Amino acid sequence: MGMTIVEKILARASGQAAVKAGDVLEPKVDLAMSHENAALVVNQFLEIYKDTGREPRVWDPSRVAIIFDHRVPAESPKTATNQKKVREFVARHMISKFHDIRGDLGGICHQILPESGYVRPGAVVVGTDSHTTSHGALGAFAFGIGATEMASVWTLGFAVNIEVPATIKVVVSGTFPAMVGPKDLILHIIGKISSQGANYRVIEFHGDTIKRMSTSGRLVICNMSVEAGATSGIVPADEETVTYLREEAGVKDALDLVQPDGDAVYQQVIAIDVSALEPQIACPHTVDNVKPLAAVAGTRVNQVVIGSCTNGRLDDIAMAASLVRGKKVAQNTRMLVFPASGRIYQRALDAGYIGDLMRAGAVVMNPGCGPCLGVHEGALGDGEVALSTTNRNFKGRMGNPTGEVYLCSPAVAAASAVTGVITDPRRGA
Amino acid sequence: MAHVVYLVGDDISTDVIYPGRYMATVLPTETPQFAFVDDAAFNGKLKNKQVPPGSIIVAGQNFGCGSSREQAVSTLKGHELVIIARSVARIFMQNAVNLGLRLVVAPGITAAVGDELTIEDDRVVNTTSGAVFPIERLPRARQAIVDAGGLIAYTRKRLMGTPAA
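Protein chains in written order, with the working numbering: chain W, 1 to 429; chain U, 1 to 165.
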């Protein structure tokens with residue numbers, strides 16, 4: 001019986017010839033990522049060793065990555081102290097994949113991992129962040145875990161008692177219409193299968209649209225797979241993956257492009273044609289409350305946010321810049337842009353995109369999670385409306401339970417920043 | 001036997017259970033003060049110890065969706081609340097098992113605030129309404145962790161079973 005990609009990855013990581021959905025395994029972990037919540041992981045890790053008479057020891061410091069992104073620079077003494085404690089732990093345990101608050105090497109964990117070459121096809125990646133699903137874009141099996149589970153991984157080097165997830169195959173065909181892209185596709189899928197349509201399952205992406213999609217676009221669809229409840233999203237590694245890893249991430253070692261078997265068993269197969277896909281909007285307060293843009297066009301917007309681990313890459317910023325160039329952000333609308341990493345920020349600066357955005361009235365912020373999860377900056381006022389390229393619109397998400405968040409693509413966000421209302425980018429701002 | 005103290009609907013995210021703006025608070029001893037903090041009435045009852053340990057929250061589908069933040073579990077565990085949900089998002093379920101939060105999946109559960117529920121091996125009985133709701137078994141992969149008393153104890157046991165480095 002054939003195996004899906006994730007079954008193959010888990011078979012290898014647990015030293016078995018073949019596995020199937022439902023089997024319980026303990027796969028070795030190739031990369032274990034945390035952000036500021038490493039402060040809690042450290043606490044739980046030390047708790048495991050308490051009264052054991054053993055010296056706390058991270059199983060393999062070269063496989064642990066810690067990236068500060070959720071509150072950078074720190075917004076409070078409490079966060080600054082958490083970051084300080086993590087820094088001390090990193091030094092003591094010689095963790096090398098550490099990205100502090102820096103303009104060159106800093107950024108959002110889900111951008112830093114791919115661009116730094118930390119993720120390889122076929123790898124098992126765990127992260128104390130639900131959007132760890134992103135790294136399936138490079139053909140890895142990547143999933144989110146809690147802090148205590150991470151402490152267990154730091155101790156043992158494997159994930160305990162993992163049940164092999166079933167896989168949903170999504171086959172995407174057709175060419176995107178102008179101003180429609182990966183974000184619209186994944187919002188459409190989430191709207192179609194619901195916020196729990198893929199709970200406990202993996203989404204494996206196939207089809208000619210995916211083959212032609214850049215790694216940046218694949219990161220978008222894998223990132224948001226978790227919003228359908230998926231354990232992970234995954235794209236079979238191909239020439240695009242190799243090009244990205246060699247040219248962008250500087251990876252030199254041999255790559256194993258794990259592919260699913262032709263007779264792999266899928267729980268469900270979904271076919272989608274994007275040729276006539278409209279720009280999609282996820283309306284408050286659930287990500288699966290997805291409508292075609294036309295249904296909410298004209299809705300007044302107080303704050304436009306472009307960035308996050310979903311849509312803060314160079315192509316997103318280029319799109320936004322092209323739509324506001326020579327124009328002005330509407331009165332009484334704030335446009336906040338936060339590139340996903342220092343590298344992206346620098347390139348956007350060199351390409352002139354940052355200047356285009358600032359001259360139009362956008363505020364360009366430092367790389368990080370920014371307003372997405374309402375903990376740091378860009379909070380909404382009472383009853384205010386945000387239109388955002390981020391990934392969640394739950395009640396309270398952008399820092400205010402009376403605020404409303406609509407999710408969309410960078411093109412829709414930028415066009416709407418100019419008009420101050422939700423606007424179809426194909427009609428012009 | 002315990003009473004239902006709070007009802008919530010579908011897709012209750014970890015942002016609602018434990019808003020992101022309190023995420024700099026990480027220790028399980030400190031997180032309970034922020035449980036459902038945006039609902040001032042319920043949060044006030046919890047903080048004023050007006051909710052007895054073992055009290056039940058009844059939830060709809062996809063409870064605990066969204067962020068993997070473990071504070072959303074430790075904040076409920078700190079009040080010794082019991083969750084009965086129609087379905088639960090994966091990461092929240094694992095965090096609940098790992099930290100020992102009592103969480104029951106009963107796909108048909110309906111109840112009103114004040115109802116008295118009894119959780120049995122394979123069903124929940126609403127003794128107020130007389131209705132009975134079957135329970136979905138925990139994924140078997142997680143049972144060993146529950147049996148060990150949580151993931152810290154389980155991992156410690158596994159660690160001590162390996163030769164010291």
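Note that these hints are calculated values from the structure, not bench results. Computed from a prediction, not measured in an experiment: that's the story for all the values here. Careful, some of the hints might be misleading.
[Said to hold, decoys possible] Reference listing, derived: stretches of chain W covered by chain U, where coverage requires no fewer than 3 residues with Cβ under 8 Å from a Cβ of chain U:
hint, region
1, 96-105
2, 136-146
3, 231-239
4, 332-339
[As the list claims (entries may be wrong)] Restricting the straight-line Cα-Cα distance to at most 30 Å, the calculated cross-link-like pairs of lysine-lysine (DSBU-like) are:
hint, chain 1, residue 1, chain 2, residue 2
5, W, K252, W, K8
6, W, K169, U, K157
7, W, K78, U, K47
8, U, K157, W, K28
9, U, K157, W, K395
10, U, K49, W, K78
11, W, K78, W, K50
12, W, K50, U, K45
[Unchecked claim] Cβ-to-Cβ under 8 Å is the rule here; a few derived chain U residues that face chain W:
hint, residue
13, D15
14, A24
15, V26
16, G66
17, R86
18, R90
19, L99
By construction, the Cβ of each residue, glycine as well, lies at the ideal position given by its N, Cα and C atoms.
Structure-based check of each hint:
For the region 96-105 of chain W, the stated coverage by chain U is violated: 0 residues have a C-beta nearer than 8 Å to a C-beta of that chain, whereas at least 3 were required. For the region 136-146 of chain W, the stated coverage by chain U is satisfied: 3 residues place a CB nearer than 8 Å to a CB of that chain, which reaches the threshold of 3. Beta-carbon proximity to chain U at under 8 Å applies to 1 residues in the region 231-239 of chain W; the threshold of 3 is not reached and the given coverage is violated. Only residues whose beta carbon comes within less than 8 Å of a beta carbon in chain U count, and the region 332-339 of chain W has 0; fewer than three means the coverage is violated.
Our distance criterion of 30 Å between C-alpha atoms is met by K252 (chain W) and K8 (chain W), whose separation comes to about 23 Å. With a C-alpha separation of about 38 Å, the suggested pair K169 (chain W) and K157 (chain U) falls outside the 30 Å cut-off, and the hint is violated. For the hint pairing K78 (chain W) with K47 (chain U), the CA-to-CA distance comes to about 22 Å; that is within 30 Å, so the pair holds. Proposed proximity of K157 (chain U) and K28 (chain W) is supported: the alpha carbons are some 18 Å apart, at most 30 Å.
Restraint check for K157 (chain U) and K395 (chain W): the C-alpha separation of about 40 Å exceeds 30 Å, so the hint is violated. At most 30 Å may separate the alpha-carbon atoms for a hinted pair to count; K49 (chain U) and K78 (chain W) meet this at roughly 26 Å. Distance restraint check for K78 (chain W) and K50 (chain W): the Cα-Cα separation of roughly 25 Å lies within the 30 Å cut-off, and the hinted pair is therefore satisfied. At most 30 Å may separate the alpha-carbon atoms for a hinted pair to count; K50 (chain W) and K45 (chain U) exceed this at roughly 34 Å.
Because the beta carbon of D15 (chain U) sits about 4 Å from the nearest beta carbon in chain W, less than 8 Å, this interface hint is met. With a least beta-carbon distance of about 4 Å to chain W, the hint placing A24 (chain U) at the interface is held under the 8 Å criterion. Taking 8 Å as the C-beta cut-off, the interface hint given for V26 (chain U) holds, the closest approach to chain W being about 4 Å. Annotation: interface hint on G66 (chain U) holds; nearest CB of chain W at approximately 6 Å, less than 8 Å.
Contact between R86 (chain U) and chain W, as hinted, is not supported at the beta carbon level, the nearest pair being about 10 Å apart and thus beyond 8 Å. At a threshold of 8 Å, the smallest CB-CB gap from R90 (chain U) to chain W is about 5 Å, leaving the interface hint in force. Contact between L99 (chain U) and chain W, as hinted, is supported at the beta carbon level, the nearest pair being about 6 Å apart and thus within 8 Å.
Violation of the numbered hints given earlier is confined to hints 1, 3, 4, 6, 9, 12, 17; the remaining hints are satisfied by the structure.
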